[in-house]
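Novice: Below are the chains, spelled out letter by letter.
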Amino acid sequence: MSDSAGTSLDKDCAVSGRARLLGDDVNTDYIISSRRKRVTIDADELRAYLLEDYDKALGESVVAGDVFVAGTNFGCGSAMEVAVTVVRAAGVSCVLAKSFARAYYRNAINNGLMPVICDTAGIDEGDEVRVFVDQGRLTVRNVSKNTEIDGGSLSPIMLDILQAGGLTPYLREHGDFVGIT
Amino acid sequence: MNRSYPATISEKIMSRHCGRECRAGETVVCGVDAAMATDGSAPMAIDYFHAMGGKEVANPQNLVFALDHYAPPDNPATVALQDRIRDFTKRNGNVIYEIGAGIGHQLMIERGHVRPGMLVVGADSHSVEYGAVNAFGAGIGSSDLAAVMLTGKLWFRVPESIRVNLTGKLRDGLDSKDIALEINRVLDPKDASYRTLEFTGEGARSLTFEERMILSNMSTDAGAKAGIFEADEKTAAYLGMSVDEMETVSADANAVYAKTLEIDLDTLTPKLARPPVGGAAAEIVDLGDDEGTAVDMVYLGTCTGGRKSDLENALRILQAGGGKAPGVQLLVTPASDRVYGDMASNGLLAEFLKFGALMMTPGCGSCCGTCGAIPGDGKVVLSAANRNFTGRMGNPKARVYLASPEACAAAAVAGRITDPRKFLS
Numbered sequence: 001m002s003d004s005a006g007t008s009l010d011k012d013c014a015v016s017g018r019a020r021l022l023g024d025d026v027n028t029d030y031i032i033s034s035r036r037k038r039v040t041i042d043a044d045e046l047r048a049y050l051l052e053d054y055d056k057a058l059g060e061s062v063v064a065g066d067v068f069v070a071g072t073n074f075g076c077g078s079a080m081e082v083a084v085t086v087v088r089a090a091g092v093s094c095v096l097a098k099s100f101a102r103a104y105y106r107n108a109i110n111n112g113l114m115p116v117i118c119d120t121a122g123i124d125e126g127d128e129v130r131v132f133v134d135q136g137r138l139t140v141r142n143v144s145k146n147t148e149i150d151g152g153s154l155s156p157i158m159l160d161i162l163q164a165g166g167l168t169p170y171l172r173e174h175g176d177f178v179g180i181t
Numbered sequence: 001m002n003r004s005y006p007a008t009i010s011e012k013i014m015s016r017h018c019g020r021e022c023r024a025g026e027t028v029v030c031g032v033d034a035a036m037a038t039d040g041s042a043p044m045a046i047d048y049f050h051a052m053g054g055k056e057v058a059n060p061q062n063l064v065f066a067l068d069h070y071a072p073p074d075n076p077a078t079v080a081l082q083d084r085i086r087d088f089t090k091r092n093g094n095v096i097y098e099i100g101a102g103i104g105h106q107l108m109i110e111r112g113h114v115r116p117g118m119l120v121v122g123a124d125s126h127s128v129e130y131g132a133v134n135a136f137g138a139g140i141g142s143s144d145l146a147a148v149m150l151t152g153k154l155w156f157r158v159p160e161s162i163r164v165n166l167t168g169k170l171r172d173g174l175d176s177k178d179i180a181l182e183i184n185r186v187l188d189p190k191d192a193s194y195r196t197l198e199f200t201g202e203g204a205r206s207l208t209f210e211e212r213m214i215l216s217n218m219s220t221d222a223g224a225k226a227g228i229f230e231a232d233e234k235t236a237a238y239l240g241m242s243v244d245e246m247e248t249v250s251a252d253a254n255a256v257y258a259k260t261l262e263i264d265l266d267t268l269t270p271k272l273a274r275p276p277v278g279g280a281a282a283e284i285v286d287l288g289d290d291e292g293t294a295v296d297m298v299y300l301g302t303c304t305g306g307r308k309s310d311l312e313n314a315l316r317i318l319q320a321g322g323g324k325a326p327g328v329q330l331l332v333t334p335a336s337d338r339v340y341g342d343m344a345s346n347g348l349l350a351e352f353l354k355f356g357a358l359m360m361t362p363g364c365g366s367c368c369g370t371c372g373a374i375p376g377d378g379k380v381v382l383s384a385a386n387r388n389f390t391g392r393m394g395n396p397k398a399r400v401y402l403a404s405p406e407a408c409a410a411a412a413v414a415g416r417i418t419d420p421r422k423f424l425s
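Sequence order for the protein chains is A and B. The first sequence begins at 1 in our numbering and counts up by one. The second sequence begins at 1 in our numbering and counts up by one.
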C-alpha cells in the first residue's frame, strides 16, 4: 500500500529528478512480476524485484528522486496496482512517457505518482528534469539540455486527486467524488 | 433518455449512469452496477477501502470476488491473502466464488452479474469482456475498486469509440481468436488508447456469444478501454433471458466515431502472436510464417480459450489428427466449474483424458504463471491465452506464442506449429 514515502511533490506538484530511461511497451509485469505479488502486496518488500524481468540492473540502481522516462504505452498489460506502488516505494514520484496504458495512468494518479504524457525522445539517461504544474497545465524542463517540453494537461478531477496525494487521502477528505456534475 | 445528438453505445451507457446526457471527452461520475475483484487484486482493494475510512460496502450484493488467480494456492502467504477476502466477504455480505469455481470474468457473465446496458468494472484488465453482453465493462486498479466499494460510483472520461465493422463469416478452422489477433495487428495502440471498440456488421452478428466474449476480452490487448457488442437473441439465450427483457443499447445511425476499422472474415487466415513483446505492440504474423516451429507445451484454457466451444473446436482437430504427438505436454483449464461439468457430461472430458491432457482446476490456470504447470527453460509454448510477454506463464526463459484453440490442437498433434485447416476435410 502506498504512503507518502519518497515523494518529492511540493504543494504546487513540481517534481525534480534524474531521468532513468525505459523503452516502449513496458508492461506491468516487467515493472513487477505477478509471481511476486502472490506472496506479498507490500510495496517495500516488492521493491527488491523492481524491473527484474526487464532490466534488473536498472531496477537495483533506482534511487529516491529518480524520474522514469519511457516511450509509448507505458504500464500496459495487467491492471495490477503494485506496478505503481512499487515504483513509489523505490522513491520515484513521476513518470514521463509518450503514452500510458489507461489503467496504469489512473492507478498512478490514485497513488500520487505523477504521470506526464510528453515527447520523451530528447531526454537522455541521467538528465535532470523538472515538472511544473500551472492550473492543470504541465511543462517538463530538461535542465541538462535547457529545453522545455509540453506535458499536456490534467483534468480537474485528476489534478484534485493528485494534489490530495492520491485517491485514499482524497476520499478520506471528501467521502465522495466532488466537483463533477 | 431523449438525446439532442446521435450517440455511440458508450455515450449512451455512460449517460444512463451519470444522470445526464454526456458525450465523448467529458468527465463524469457514474453509478456502477456491479464490480469484480480477483484474489490478485482484492486484498489491495480491501486495504485501500479501509485506508479510505470505509466501514460498509455500498451495494454489497453487487461486489463479486473470484478466487481465480491462485487456484489452488501453493504457499501459506497466498492462502493468507485469500483468507483476507473470505473474512471481508463474510462481514460485508458480498458474493464470493471459491477456488475451482472458475475465472471471474466467466462467472460474472455465466452467473448473471452482467446484463445489457450495465456499467460494470473489474479490478483486472480483462474486465472488458463484459462488453460481449452489451455492457460497458472496463478494467481498473484496486484503488478505483475501493472507491466503488466506498461510494458505489467512479469517475470516467467518456471515451470516443472506434467502429469495428466485421463483414463476411468465419471459415472452417478459423476462430474468433484469429479476429482478435488481426485487430491487434492492424490497430495502432495510439488510436485504440482510451477508446471503446464497438463491434458491428453482419460478421459481428454471425459470431456466437462465446466468440464475442473473446473479441471483447482482447480489446484491452489491442490497447482499448472497452469492447462492446450489440445484444441480440444469442445474448439473450446465453444469459437465459428473453430478448424483450434485455435493456439493449444500440448506437445511433449517425453516431460519431473516431475511426472505422474494416475486418473481412471471409479472407481471414490463421494468426499467431510471437514472443516476446505481447499486448498492443505484439508481433502478429500469419501462422504460416512460423509453421514448423517445434512446440513443447500446448495450453488450452483461460478467459479467451477455456469455454465449451473453444474446447470442442480443439478436440475436433485432436480427433482428426489422431491425438497428440509424444513429448508434447497438453494442459487444459476449463473456464468454470460449469464448463468442467459440461465436459464431463457430454464426453469431452473423457476424450481429452484419452489424448493425455493434463486437466487443471477451473480458474486462471497457467495463463499468468501464478498457479498450475509452468514451462521449463527454453521451452516453446503455444497457448490459447491472451498474453505472451516475457515471464508470462511463470518462466521468463520460456517462449510463449498465442493462437486459436484450433491451432493449439494442431500443434499438439504435429508437435510443431501447423495450420489447423490441414486436419479438416
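Quick caveat, the hints were computed from the structure, so don't treat them as lab data. A hint or two may mislead.
Claimed, not checked - The calculated BS3-like cross-link candidates involving lysine-lysine, where the alpha carbons are at most 27 Å apart (straight line), are:
#	chain 1	residue 1	chain 2	residue 2
1	A	K56	B	K379
2	A	K98	B	K379
3	A	K56	B	K397
4	B	K190	A	K98
5	B	K234	B	K190
6	B	K324	B	K259
7	B	K153	B	K169
As the list claims (entries may be wrong) - Per the computed footprint, the stretches of chain A lying under chain B, defined by three or more beta-carbons under 8 Å from a beta-carbon of chain B, are:
#	region
8	129 to 142
9	155 to 166
Glycine is no exception: its CB is placed at the ideal position from the N, C-alpha and C atoms.
Novice: Hint by hint, say whether it matches the structure.
Specialist: So, going through the hints one by one against the coordinates:
1. A:K56 with B:K379: Distance of about 22 Å is within 27 Å: holds.
2. A:K98 with B:K379: violated, 34 Å
3. A:K56 with B:K397: holds, 15 Å
4. B:K190 with A:K98: With a Cα-Cα distance of about 10 Å, the restraint between K190 (chain B) and K98 (chain A) holds, given a limit of 27 Å.
5. B:K234 with B:K190: Not satisfied, since the Cα-Cα distance of roughly 33 Å exceeds 27 Å.
6. B:K324 with B:K259: violated, 43 Å
7. B:K153 with B:K169: violated, 40 Å
8. 129 to 142: With 0 residues close enough to chain B, the hint is violated.
9. 155 to 166: This one holds; 4 residues, not fewer than the three required, reach chain B with a Cβ under 8 Å.
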